[in-house]
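Visitor: When you get a sec, could you build the whole thing from the sequences and use the hints?
1 is the number of the first residue of the sequence shown in this note's numbering; add one for each residue after it.
Quick caveat, the hints were computed from the structure, so don't treat them as lab data.
Be a bit skeptical, because a hint or two may be false.
[Unchecked claim] Cβ-Cβ distance ranges computed for the label pairs, FRET-style:
| id | residue 1 | residue 2 | range |
| --- | --- | --- | --- |
| 1 | V99 | G19 | 21 to 27 angstroms |
| 2 | V257 | Q159 | 30 to 36 angstroms |
| 3 | G222 | Q60 | 39 to 45 angstroms |
| 4 | D144 | S25 | 24 to 30 angstroms |
| 5 | P41 | N241 | 32 to 38 angstroms |
| 6 | M1 | R91 | 27 to 33 angstroms |
| 7 | A90 | R121 | 43 to 49 angstroms |
| 8 | T55 | G222 | 33 to 39 angstroms |
[Stated by the list, open to error] Only pairs whose alpha carbons sit at most 20 angstroms apart, straight line, appear in this in silico EDC-like list of lysine to aspartate or glutamate:
| id | residue 1 | residue 2 |
| --- | --- | --- |
| 9 | K224 | D188 |
| 10 | K216 | E153 |
| 11 | K216 | E191 |
| 12 | K224 | E191 |
| 13 | K216 | D245 |
| 14 | K224 | D163 |
Quick reminder that beta carbons are idealized off the backbone N, C-alpha and C, glycines included.
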Amino acid sequence: MRRPAALTTLRTAQAQFHGAVAVGSTVHELSGFRVHIWPEPDVFYRNVAVPTDPTAAMPQNIRSMLQVFTASGREARLEFFEDLWPNLPARLDAAGFLVEMRAPVLALGRPPSSVRTSRARMLRAEDGHEVLQTYLQAAEAAFDVEGIATEGECRRLMQSLSDGRTMTAMVEDEGRPVAGAALAGVGDVAEVAGVWSAPAYRGRGLARIAAAHLAKAFFANGGKLLWLSAATEESLPLYRNLGFDPIGTQLNYHRPVGHGR
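Guide: Written as structure tokens, this is what we have:
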């Protein structure tokens with residue numbers, strides 16, 4: 001994708017992300033930043049700041065943003081696209097922030113056509129608590145991260161599936177979920193998140209099947225654009241094979257409590 005088109009797509013993805021992270025959080029509007037504070041610390045990094053105008057690179061505005069996290073008892077975190085905020089990384093480095101993730105951003109504007117997805121199905125609120133809980137437990141085991149399969153997350157998943165803010169596809173083996181993929185903040189644009197396969201089922205292309213099924217459902221429902229950040233090099237071939245094109249770089253920063261004093 002040529003750079004002007006890529007920057008336009010990044011701005012579209014940024015607007016979607018900003019809207020999605022605001023849901024359920026207390027939003028603090030500051031000079032240069034918007035800070036989202038979730039009611040509790042959480043595994044999905046919902047406590048996050050995003051830059052909103054060029055003054056984000058000013059040291060005094062970085063300090064003000066940090067103070068909101070400190071007052072809320074949360075570790076300071078930021079997520080943004082480096083291509084849209086090229087002056088911000090150096091200022092965050094100087095303020096004691098550490099790079100948590102640097103990952104390519106990819107986008108897809110059409111349904112994938114090369115993957116047969118008959119093994120996958122969409123997860124729905126009507127599947128009920130037990131099925132949703134089992135799905136989250138399988139995802140938790142796949143990511144090896146605690147906190148995904150809590151009662152609260154199960155309730156949130158059921159609600160977001162019901163109101164259409166989330167779409168989730170899974171592949172099952174004898175009734176057990178063994179691979180999955182999800183969309184967050186669904187509208188005309190959505191972020192692909194939580195693509196996984198169970199350890200014993202890796203190398204079989206099941207995560208690709210789940211992601212392709214999900215993408216097809218999104219575009220069939222009138223969706224216009226999917227985007228994602230590929231957190232690992234191993235995941236890049238999966239997304240490239242589905243037709244995702246690189247458009248930029250995402251940077252996640254954090255400042256551990258007490259760091260940089």
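Visitor: Which earlier hints can't be squared with this structure?
Guide: 10
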